[in-house]
Structure formats: structure tokens, C-alpha cells
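Residues 1153 to 1363 (this note's numbering) make up the sequence shown, in order.
Accuracy of the hints is not assured; some may be wrong.
[Said to hold, decoys possible] Label pairs and their in silico Cβ distance ranges:
| hint | residue 1 | residue 2 | range |
| --- | --- | --- | --- |
| 1 | THR1280 | LEU1220 | 33 to 41 Å |
| 2 | ASP1276 | ASP1340 | 42 to 50 Å |
| 3 | GLU1277 | ARG1349 | 30 to 38 Å |
| 4 | SER1330 | GLY1275 | 45 to 53 Å |
| 5 | PRO1217 | GLY1315 | 23 to 31 Å |
| 6 | GLY1279 | ASP1340 | 37 to 45 Å |
| 7 | ALA1339 | PRO1219 | 32 to 40 Å |
| 8 | ALA1278 | LEU1361 | 16 to 24 Å |
[Claimed, not checked] Under the rule of at most 27 Å between Cα atoms (straight-line distance), these lysine-lysine pairs were calculated in the DSS-like manner:
| hint | residue 1 | residue 2 |
| --- | --- | --- |
| 9 | LYS1239 | LYS1174 |
| 10 | LYS1243 | LYS1174 |
| 11 | LYS1243 | LYS1264 |
| 12 | LYS1239 | LYS1264 |
Derived by calculation from the structure, the hints in this document are not laboratory data.
Every residue gets a Cβ at the ideal spot worked out from N, C-alpha and C, and that includes glycine.
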Amino acid sequence: MTSRNGKTLAVVRDSSELDGAKARILVFAGSTREASFNRRLAMAAARSIGEAGGEATLMELRDHPLPLYDGDLEASAGLPLGVRPLKELFKAHDGLFIASPEYNGSVSAVLKNALDWVSRPAGDEAGTVPYANKVVALGAASPGALGGLRGLVHLRAVLQSVGALVLSEQIAVGSAGSAFTPDNRLADERLQQMLDRTTARLVDVASRLRG
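Using the sequences and the hints given, assemble the complete structure.
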């Protein structure tokens, strides 16, 4: 991925390629829909993270299919196979950027389900470990005027309850059908600047927390 000044940005799709010298940010959308506005916001955020000096890993939740959380299933069979790789992805990164669609005033089922499974204990490891000292920035994109803000209120509460540090900086993109350029930037310069401020803060705090 190339920045506005022509430099190659640190955006990877495999966490094994991460550069240990940079703040590592896992970026994903809470949607599995191919044409999701929030997938485009995640791509824009990954580019912005690279421009801020961080290293972004773009992840697709559809690459990590999980059953609906079921306590009886967990008790009888343990964690489903897809959970452990997702937990390891969270643990391998210093921060998260989550682009969350708003469904009926809240978060999507696929996102909530993934966050719930990641929070489950694995052996002697507490369920909160993947979220410990994890700094998170939130974004949303929606066809509506509010840009998915109501869903971010719920998502913030969920993440704080498992111990994540959720930044006050966030971005909500309304009228999302016309909000993105063909190369997945935000067409409105004011919104692009808001995204850049959010990702710069995310990279800065993640860098400080990792020492």
C-alpha cells in the first residue's frame, strides 16, 4: 500500500511478517459482507496507521468462522478450533482498530460473537489475556447521518469490560455510500483528518504501552 507522499506503508496480511520495531495494530471490520462500508473504513484505517508510523495487519472475520457462543459446547468440547488462532492474533498485536457496523443500535452478531470467544479462558490462561494492555480505537461507517455512533457506545462498553483500553478518539462516517474514494480514502478531508488523528493516537499509545 502506498501513502500520499509515495512511500510504501507497513500494511501486512500475515502477522508473521510483523516488524517488531513498530507498534503492531490489528485492523478488522465487524462485518463479513464483501461490499461492507466498514471493510472500506478498515482499509482506510490501515493506510492511515502506516502513515502514522505503525504497522497494520488487515484481518477478515470471515476467515475465522466460529459457531455461536455456547457454554455447553465449550464445557463438553473446549474451545472451537477457530478460536485459538484468533486469540493468538489479538495477543500478537499491541492495539486494535475495529470498524463496526451498527445493527439495530448495537454491534453486529459476528463481531460480538468473535469478541466473546476471544475472551474465553484457554487452559491456564485467563480469558482477559488477549485484551490486557490492549489499546483500541473504534470507527463506524453507515448510510445514516449518525454514522453508526450508537453501536460504538455498546462496543466501547464490551471492550472495557474485558480490560481493553478504549481511546476516546473515534470516527463515525455517515452517508457512507459516497464517503470513500476508489482507493479507500475518505473523500471528506475533515473526516480523513479525524481518522488520521485517531490512528496517530492509537499508534502513539500502543507504542508507549509496549515500552
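Comparing the hints with the structure gives:
{"no.": "1", "hint": "THR1280 / LEU1220: 33 to 41 Å", "result": "violated, 21 Å"}
{"no.": "2", "hint": "ASP1276 / ASP1340: 42 to 50 Å", "result": "holds, 48 Å"}
{"no.": "3", "hint": "GLU1277 / ARG1349: 30 to 38 Å", "result": "holds, 35 Å"}
{"no.": "4", "hint": "SER1330 / GLY1275: 45 to 53 Å", "result": "holds, 48 Å"}
{"no.": "5", "hint": "PRO1217 / GLY1315: 23 to 31 Å", "result": "holds, 26 Å"}
{"no.": "6", "hint": "GLY1279 / ASP1340: 37 to 45 Å", "result": "holds, 39 Å"}
{"no.": "7", "hint": "ALA1339 / PRO1219: 32 to 40 Å", "result": "holds, 39 Å"}
{"no.": "8", "hint": "ALA1278 / LEU1361: 16 to 24 Å", "result": "holds, 19 Å"}
{"no.": "9", "hint": "LYS1239 / LYS1174", "result": "holds, 21 Å"}
{"no.": "10", "hint": "LYS1243 / LYS1174", "result": "holds, 15 Å"}
{"no.": "11", "hint": "LYS1243 / LYS1264", "result": "holds, 18 Å"}
{"no.": "12", "hint": "LYS1239 / LYS1264", "result": "holds, 14 Å"}
Consistency note: the structure conflicts with earlier hint 1 alone.
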